[in-house]
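Starting from the structure of chain A, add chains B, C, D, E and F where the hints point.
Protein chains in written order, with this note's numbering: chain A, 267 to 596; chain B, 267 to 596; chain C, 267 to 596; chain D, 267 to 596; chain E, 267 to 596; chain F, 267 to 596.
Fair warning: there could be bad hints in the mix.
Remember, identical chains collapse to one label, so a pair may be satisfied in a single copy or spanning two.
[Said to hold, decoys possible] Taking lysine-lysine and the DSS-like style, the derived pairs with C-alpha atoms no more than 27 Å apart in a straight line are:
| # | residue 1 | residue 2 |
| --- | --- | --- |
| 1 | 441 | 324 |
| 2 | 318 | 494 |
| 3 | 588 | 441 |
| 4 | 352 | 588 |
| 5 | 318 | 556 |
| 6 | 588 | 556 |
| 7 | 556 | 490 |
| 8 | 494 | 556 |
| 9 | 318 | 385 |
| 10 | 324 | 385 |
| 11 | 318 | 588 |
Source of the hints: derived by calculation from the structure; they are not laboratory data.
Number of protein chains: 6
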Amino acid sequence: MEHTLDVVTLGEAMIRLSPPSFQRLEQATSLDMRVGGAELNVAVGGARLGLKTAWVSKLPDNPLGRFVANKAREHGVDVSHIVWTKGERMGLYFVEFGAQPRPSSVLYDRADSAIGRMKPGDFDWPAIFSGARLLHISGITPALGQSCAEASLEAAEAGHAAGCLVSVDVNYRAKLWTEAEANSVMTQLMAHTDILITTEEDTRRVFGIEAPDYRDVARELQAKFGLKAVAVTLRETISVWRNRWSAFALAGDQLYEAPSYEVEVVDRLGAGDSFTAGFLWGYVQGDVGKGVAYGTAFSALKHSTPGDFNWGSLEEVEALVKGQGLRIQR
Amino acid sequence: MEHTLDVVTLGEAMIRLSPPSFQRLEQATSLDMRVGGAELNVAVGGARLGLKTAWVSKLPDNPLGRFVANKAREHGVDVSHIVWTKGERMGLYFVEFGAQPRPSSVLYDRADSAIGRMKPGDFDWPAIFSGARLLHISGITPALGQSCAEASLEAAEAGHAAGCLVSVDVNYRAKLWTEAEANSVMTQLMAHTDILITTEEDTRRVFGIEAPDYRDVARELQAKFGLKAVAVTLRETISVWRNRWSAFALAGDQLYEAPSYEVEVVDRLGAGDSFTAGFLWGYVQGDVGKGVAYGTAFSALKHSTPGDFNWGSLEEVEALVKGQGLRIQR
Amino acid sequence: MEHTLDVVTLGEAMIRLSPPSFQRLEQATSLDMRVGGAELNVAVGGARLGLKTAWVSKLPDNPLGRFVANKAREHGVDVSHIVWTKGERMGLYFVEFGAQPRPSSVLYDRADSAIGRMKPGDFDWPAIFSGARLLHISGITPALGQSCAEASLEAAEAGHAAGCLVSVDVNYRAKLWTEAEANSVMTQLMAHTDILITTEEDTRRVFGIEAPDYRDVARELQAKFGLKAVAVTLRETISVWRNRWSAFALAGDQLYEAPSYEVEVVDRLGAGDSFTAGFLWGYVQGDVGKGVAYGTAFSALKHSTPGDFNWGSLEEVEALVKGQGLRIQR
Amino acid sequence: MEHTLDVVTLGEAMIRLSPPSFQRLEQATSLDMRVGGAELNVAVGGARLGLKTAWVSKLPDNPLGRFVANKAREHGVDVSHIVWTKGERMGLYFVEFGAQPRPSSVLYDRADSAIGRMKPGDFDWPAIFSGARLLHISGITPALGQSCAEASLEAAEAGHAAGCLVSVDVNYRAKLWTEAEANSVMTQLMAHTDILITTEEDTRRVFGIEAPDYRDVARELQAKFGLKAVAVTLRETISVWRNRWSAFALAGDQLYEAPSYEVEVVDRLGAGDSFTAGFLWGYVQGDVGKGVAYGTAFSALKHSTPGDFNWGSLEEVEALVKGQGLRIQR
Amino acid sequence: MEHTLDVVTLGEAMIRLSPPSFQRLEQATSLDMRVGGAELNVAVGGARLGLKTAWVSKLPDNPLGRFVANKAREHGVDVSHIVWTKGERMGLYFVEFGAQPRPSSVLYDRADSAIGRMKPGDFDWPAIFSGARLLHISGITPALGQSCAEASLEAAEAGHAAGCLVSVDVNYRAKLWTEAEANSVMTQLMAHTDILITTEEDTRRVFGIEAPDYRDVARELQAKFGLKAVAVTLRETISVWRNRWSAFALAGDQLYEAPSYEVEVVDRLGAGDSFTAGFLWGYVQGDVGKGVAYGTAFSALKHSTPGDFNWGSLEEVEALVKGQGLRIQR
Amino acid sequence: MEHTLDVVTLGEAMIRLSPPSFQRLEQATSLDMRVGGAELNVAVGGARLGLKTAWVSKLPDNPLGRFVANKAREHGVDVSHIVWTKGERMGLYFVEFGAQPRPSSVLYDRADSAIGRMKPGDFDWPAIFSGARLLHISGITPALGQSCAEASLEAAEAGHAAGCLVSVDVNYRAKLWTEAEANSVMTQLMAHTDILITTEEDTRRVFGIEAPDYRDVARELQAKFGLKAVAVTLRETISVWRNRWSAFALAGDQLYEAPSYEVEVVDRLGAGDSFTAGFLWGYVQGDVGKGVAYGTAFSALKHSTPGDFNWGSLEEVEALVKGQGLRIQR
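Isolated chain A, as found in the complex:
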């Protein structure tokens, strides 16, 4: 069967506002305006790599809502399943970029957004999943509220029922829910999940699983939830401007480990989502190892550009995987 969509994602995207040049918000006189949100970031990243992706969400029918849909569409993401609403608001977040010893920080203003009020029945899942191969959501979507948790479970069930793979990124956000709440909902979600993407910290906080060797963490997750694949990203924060970044995946009893990249950090937001995009790109081709390698390289590249979205290309990922150096390209 020919798939008309490789990856469908469901979640919130927000207007992202950030002061330029390391200014604090209190100092700012203008804010750079972009778009970000975990599941949209994945859809954009997938599209950049050549996948057919769609992003499902609810947006207010005003200039800010259109701004978000435009930016998704700019990258070729299918926005035809977005539900447009009247009178609701667009979520926003504000980013301050740091320098050691001041970490970067995010201030959210996302309460009462259109998507934050979604509930089961809002989307025509059978139509959306017809011809689709994979559904991806992150733990942020169910964390937006009780009805969002229900709608997320509805989506995962519907995806599974339609024969789609279901991929979940734990993405625990302590500002949105408690560890206990997350544990309850995410555990339900695991019943429909094939692919889990996480970090050591999120796994410990949400599932209470930890081990001295991170490989054992993956093995325990795999066993507990019967997952087809578990991928774990690994970040070492050398300084605010310099991080070390890697990932590995476990599929069956095979372990795939990516090299570690030392990255100069222009903007680390969305890096994890770039890994997911690249990992799923490999996974839907049936090549988990390529998924880990390309996902890690793609997300390493993400750190070098401003914004949540990854503006890189498959050619650039391939060059990096093959060991292209750092000299100017001309």
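Relative to chain A, chains B, C, D, E and F alone:
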């Protein structure tokens, strides 16, 4: 008695975000960040002219709330009576600047702001009004919600009780309440009001008063509500970039009319509030005619600068009133 | 039959670079980067009004080519028929914005662009026109070179053969070809044309037709080429910052005249293409009068925003047609 | 004899700092940085039109002094006669751009600049004037201080002695000296002056000459000081953004009058200096009428670009003189 | 006794102009406009941490002077004791940001500023110190000129007489005075000084004191001048973009040492003043150790933001002192 | 003999367009506009250090061509030998700045530029070389096309014939020609070359010469082509933002080695050309060692500023050579 404060204002201020260079929001990649809000604009304008002013409001204790307080303080406005809250949001609004035939437009995102949840008892009015001469609020403050209407009435009553003059700008906003709702609340407010500032349109919509001669509108308001003074601003929109602007006031049976200024419009937001600031500046000196003349000149100057706030000075107002020309000053 | 595409356009788009704030190119230290091109402008305008539009062109497979396709896609224009090439260049143009008595000006750097080298056979027209309703090209496309003229004729013939309406905007560019060359090619093109959009000056220069009453110019064109509709735009340049703008159309023996708009000019590039988009929007609904009225209003609005593209909406056009005033919208 | 220099000018240039987008200085967070100064403006304007020009001044040997020399050199002005000093400062001025009813304004910070401390003997005039055709100074140069007045007279005497024409622009600045001081020094300067450029107002204030017909003002100046030519610029300030601009000249008994241009004002600083540059360009060719016509057109164009310098070209001046319209050039 | 002011500072602040993005001044086309000056930086930093601070200075009554006062007031610094003057100038300085091997550099243009002409008797010290707890000045204030040295001594004497603590930061500036001059004046100042803040280099240059162990330097200063506390900041310049920063203090025979922070340098100006602010914040609470720890953390944070002022908060300082990591805060 | 010109360079310069703040081209909304080109960079660098330099090229007579000439002239480079053409285009290039692991990259759009069409006979070499001391070209100039290779050889021959030294920088560009083509032309050029500047990699690719010790590479080149001097630059790319940079030269049997600088990279384009400028500055004074030392320091400084041009000064080079540290200069 020496007054320690000339003008106290109560109301909402918001972060104001606007794309530069006549861009639409959908085109923007950065937004200019300023602060605006009717009553804060009046407090700033009054301070620029030399009055001791305070602005009373509720702000979230986060960088956005501090941004607003900082900008008020930058102009010398007393912010010591602000109530700081945890976990609430800052209201925002987005401005698009137009060019004929496209009018400028504002998109509000103010629901659930800290101040929008104020209620009676939030402020220690006796302490605030001790030593104060005048309270000013606009019709936006009670329009923010039922409890805001109650809190506005509480403030007006407390002001009157403390011997303050009470000034009200009708400022009808159809997006916030119906004409019937406005009529009900504003009529109650009139019982405590000494000075009313309005436009012909707002008077018709809120109080159902209209007349062929705008002077008769003022006379009818004066008679109906027993007002010490009624001031009416007059705007003619020649084009988006060129307006004609004037005002008059009725105090007792004396009518004061300002000249009409043809203004080149850089940014017309806050112009009415600049009139109010200048008018009150004159009024508290006991010179209504000077209030009308200076208020009109001060607000004409407001159109020439970006932002809701008026960055002009008393010297500039005086020069304009005295007929300074348009040649470059050097 | 359900049409899957309302309007297909064929032509060149370029990277548009312009110094901000009325600077001359020689003064500039940065250039605003946008995209423009007559036929893409029409496709974007049509999409903004709700039509399903596609833009057909050739682009180099490099960041500049992708930039152009991205911006088309941002507005929902179908870019799936673009032919991507290796090793060719993207055309550019530089715009200087003027102030009386200095007119705005454009410096083209478009030679040897990928699309400028197109030739018959480059596009799979039967596939493109399957399900399409209308083909639109401007006189710029055939003017790009001999093989471009041939490819333009091929497209028009294929469009006609596939049952599409064919629309042509004369758009004479003296820097690209002589009046004699234009006359020869455009006359051939007329054999396949249903709808002609032009100005009085272009009609005189390309077809040698002129008359004291511009309505007679339209009648003569209609008669000579057997056109279903002729639309003529009318611009009066009061000053560089203020123009008067209108249009009319002749269909059968019915004349439709739009009101005249006095516009404050932020950026007049692409205004004619906005008229075309709006006119075709009405025409494909079978309402020529609405096409003239909405096309004129849509293009009047275009002058108020930077860039060739029209970021307006159908709602805004309707408000303008219905006589909405110039006061700030809030 | 072949002239190696057409025009030598002597005077102060300053760093010019201005807030963008009609902001007041108090609002600004960045300032545009340019260079301006009457005599340098003339040298740059002359060079743009094709004259060989040199600017003589004193500059501090620091980045700000080099900035000024660089910008002169960028236009081909000969800066080899500049005297570089240690430990002195560069003069600055701050410009605020207005909108009716707020005029634009300039705040000077020029005290104690390197050139403000010049004195007779600072420059090697015989070497400078060898091969030169004309010296131009404005009334600002002697107004900078007593020793500057002496150095200005020294220059004019030396110029005359070397066979150069001497041109003077009255340019009265009330902040620098009184009318009586100006009268005394400028009258001495007239003894060495061939060409006088002035306005009606400056003539009245400095020389006490006025008449109902401005032509008579020119005639009286001519008679009183035995001038070869008198040129007078005429500005009408319709609004801050719209001026009317013209000029005329009297040479012998021949009167030359330029057409009047209605200009949209981006930046009017330096416009008078552009007239001088164009007038001298014509004069040194022996064509006073062309000088008036081209000088007026060149200065009308100046209003359309930011900065004191004129970035126009002889081709543009010719097109304007020949009646080119306002339509976009492409 | 309730103190109405915690810290009063006396000194010069200047308009600070810097090219963005590592440009040299000669390359710049715009300059970022901020405010800086050692004593104002301390007052702002103290206010950010919650102290009641006032800054005493002289400012010209023009837009540049008001700009400086506004920015102080924005942070809640009391500016009511500023003396406003007519006809004097505002000092300026220009900053170029470097990258290894090019150090950052500052070009001052501060001669003849209003404050640079201060003299004894300019300020009403008894009124200023009534209710104040501490006076702080740096060695820059007396270095501005002979009369400034006298006025500084007057202030210190008056402060002591009024029962204030007196704090002095050596801040030796070789461009303002010689080591001998500094030694003479600073030694006089020490007679009234309780708290000395310095570096090893400044101590050697101004007081001729040096020792292999920096703790001995502090002990020698303490003994020689009978100081209540000596604090010394320690900077290691690993590269231009990376510094190591620490401090210690000696009070009585107790030594307090802060940890060393490796900082990524956005802007190091004002860092020493941030230490002073934090140190005094602790000192006036009677906790020297907290002063050293918080002062060092507060100044480490200062390096991460543009401008001389510290926009951090007490909460951020506490988080850093408690060992918060570098991961993004959200 | 007094030389009227120290260094003449021949080659292409282009408009350089780059997105700010590490954006990719696809993300950009504005591009910084500068000028760059190997031989012009050398001429500018030489002029900054005090040499009399001229740059010979062909430019289109339009605003872009004038932009380039203006920027050369701004630094005092003699542009009087430029040949201006009609109807040809200006070459462009686009720079994306990277962050590890994404290298910076350059996209050229230089085909069919005016200079790319140069041919023998275009320049009056005898006139140009009269009074000149040295001709410098890089391997890019002959690589622009067959006729450019011929014109380059013509220039080198004419230079030698006129008694000039001839300096060549290998500067191999794989996008412009093959190694075989480069070998053929560059070998011919060596017959007229006195000074060769190269890297190890370029030497291997163009001349097929390599050796374990880079000094032996220089010795082999010297021997093979009978060169007066061979200079080799050495770059180590620690990361994209941090490089190590050095150089050495061989003249006769004397080897001169510069220290190695660790540089924080703002913009590395043009660094090699800065070395050449500094090296030639020393060489024409007869001091090869100083050339190596100053050239290396000058080019180390280049990395710290945006743009191809070096805005440093001889004083700064001297300070660096003498071991000035990294502390802020004030």
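Practice problem: Measure nothing new, just compare the shortest in-copy and cross-copy C-alpha distances for residue 352 and residue 588 to 27 Å and report within, between, both or neither. | Solution: Close across copies (23 Å), not inside one copy (49 Å); limit 27 Å.
Quiz item: Between residue 324 and residue 385, at a C-alpha cutoff of 27 Å, which is it: within one copy, between copies, both, or neither?
Solution: within (11 Å within a copy, 33 Å between copies)
Quiz item: With identical chains treated as interchangeable, where does the CA-CA distance between residue 318 and residue 385 reach 27 Å or less: within a copy, between copies, both, or neither?
Solution: within (26 Å within a copy, 31 Å between copies)
Quiz item: 27 Å Cα cut-off: does residue 588 pair with residue 441 within a copy, between copies, both or neither?
Solution: Between. Shortest inter-copy distance 21 Å satisfies the 27 Å Cα cut-off; intra-copy 40 Å does not.
Quiz item: Can you tell me if residue 556 and residue 490 fall within 27 Å by alpha carbon in one copy, between copies, both or neither?
Solution: within (25 Å within a copy, 49 Å between copies)
Exercise. At 27 Å max between alpha carbons, let me know whether residue 588 reaches residue 556 within a copy, between copies, both or neither.
Key: Within. Shortest intra-copy distance 12 Å satisfies the 27 Å Cα cut-off; inter-copy 42 Å does not.
Practice problem: Using 27 Å as the alpha carbon limit, work out where residue 318 and residue 556 are close: within a copy, between copies, both or neither. | Solution: within (18 Å within a copy, 38 Å between copies)
Quiz item: Checking residue 318 and residue 588: alpha-carbon separation at most 27 Å within a copy, between copies, both or neither?
Solution: within (25 Å within a copy, 42 Å between copies)
Quiz item: Checking residue 494 and residue 556: alpha-carbon separation at most 27 Å within a copy, between copies, both or neither?
Solution: Answer is within: at 16 Å inside a copy they meet the 27 Å cutoff, but 54 Å across does not.
Quiz prompt | Same-copy or cross-copy closeness of residue 318 to residue 494 [CA-CA at most 27 Å] | solution = within (22 Å within a copy, 41 Å between copies)
Quiz item: Given identical chains, is residue 441 near residue 324, meaning Cα to Cα at most 27 Å, within a copy, between copies, both, or neither?
Solution: both (22 Å within a copy, 23 Å between copies)
Violated hints are absent here; each numbered hint is respected by the structure.
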